[in-house]
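Position one of the sequence shown corresponds to residue 1 (the numbering used here), numbered consecutively onward.
Calculated directly from the structure, the hints in this document are not laboratory data. The beta carbon of each residue, even a glycine, is placed where N, CA and C say it ideally should be.
DSS-like cross-link-like pairs, simulated, lysine-lysine; straight-line CA separation at most 27 Å: (1) K360 <-> K378; (2) K411 <-> K360; (3) K411 <-> K270; (4) K411 <-> K378.
Now the in silico label distances, taken between C-beta atoms and shown as ranges: (5) E294 <-> E365: 32 to 42 Å; (6) P112 <-> M166: 13 to 23 Å; (7) Q388 <-> Q167: 51 to 61 Å; (8) D41 <-> E337: 47 to 57 Å; (9) N42 <-> L396: 39 to 49 Å; (10) P214 <-> P306: 51 to 61 Å; (11) M37 <-> I199: 32 to 42 Å; (12) P56 <-> D122: 17 to 27 Å; (13) Q161 <-> P214: 14 to 24 Å; (14) Q161 <-> G290: 51 to 61 Å; (15) S107 <-> P214: 20 to 30 Å; (16) E337 <-> T384: 17 to 27 Å.
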Amino acid sequence: MKNFLYTLAILASTSLISNAQSGLFIDTSYTAEQMIMDFFDNSCVTPSNITFNGSPVMMGYFEGANTDLGVNAGIVISTGDVTQLSQNAGFFATTANNADGDPDLGSLVFLPTYDAAVLEFDITVADTGDLEFQYVFGSEEYPEYVGSGFNDIFAFFVDDQSGSGMQNIAMIPGTTTPVAINNVNAGQNSGYFVDYEAIIGQHVAFDGLTTVLPATYASGNGATYHVKIGVTDVSDGIFDSGVFISTLSLCGPGLVNPPAQFSAQLIDNKITLSNQSRYATSWHWDFGDGTTSEERYPAAHEYTNPGTYVVTLTTHNYCCSDTYSLTMVVGPLATDELAEHGFEVFPNPVRDELNIQVEKGMAFEYQICDISGRMVAKGEQQGTLTLQTGDWERGLYLLTVRTHSGVFTKKLSLL
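Sequences and hints are given; from them, build the entire structure.
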């Protein structure tokens, strides 16, 4: 039992990513719109009008496949700091965000509310059938405040926009009793409760958790519904509570792919990378020169020798992996290679038009990439070629020409 005075609570520092030693991975770097669209835009439903009300630390992506949470991955919202939830049950998860409560959640308990975390969106349903969410609710208020008026509250509201108002669908299975601390605990509906503190739980900070529960709503074909998922502190702003929402909700994916993506900036022989991958828990960079990194955001890398290097990022999570590569050309390039083999490239610097003239109608293949390795033009040509460059971004480009005599390169500058 954690009988701490709030004034003596030692709070953990905030970070974008947390997995402590528990196996629960939490990442707050994604927006609500990114996650809702990535997980729930599918053949069953189409989401829109996505908002999150709360501090950025109150929502994140989680991976729980290596825990006893019962949910592989999804979205977590909390009245506190979600990155603290990857501690074990011996940790005191309490963060006063000094945020407002929510009147709809407050109407369920008729008590003051604080630190509300509310995820809202509309969904248009493709087929008639039940809307179903899968979730786990947890709280630091277990077991001390079971039966008290300090119970934090959460709800899955659905509004069919007929004017009848919002309906809370987070019910104990087979009943009309809402899932709440006073209704699901060691003494009531205990089959749906995990006394996580008592079993010295190692993966989640909350002292009590529900089992994985469904929240269902009978929907109509082609209808649009407003969904509001919220959790709030009641009567005080401490002792955090939260909801883990599974990606299996709303026909979501059983497996979450971690798409690998990055951009690169090459200045002289130093490359700076910007990691844009999502839902990965580990990252492996190969710079193409025998050097690697396991950092999510690696430091700028400096190449010792000029040459062509393939930079590759491989991402992994609990189920899947992905790979993305860019080709970088480093170091001095001969500026007269093409001229020596019968080509004239002009103007350089380029403005709105690039011309490649060749002697005697020679056939060649060409490719033009920007300094990040992104290809902007490619093709086969016999004789003179003219390219319109007005829509290209300003900067440095690399022209590569292949003929029967070999492969030749030239740097271009677009003004």
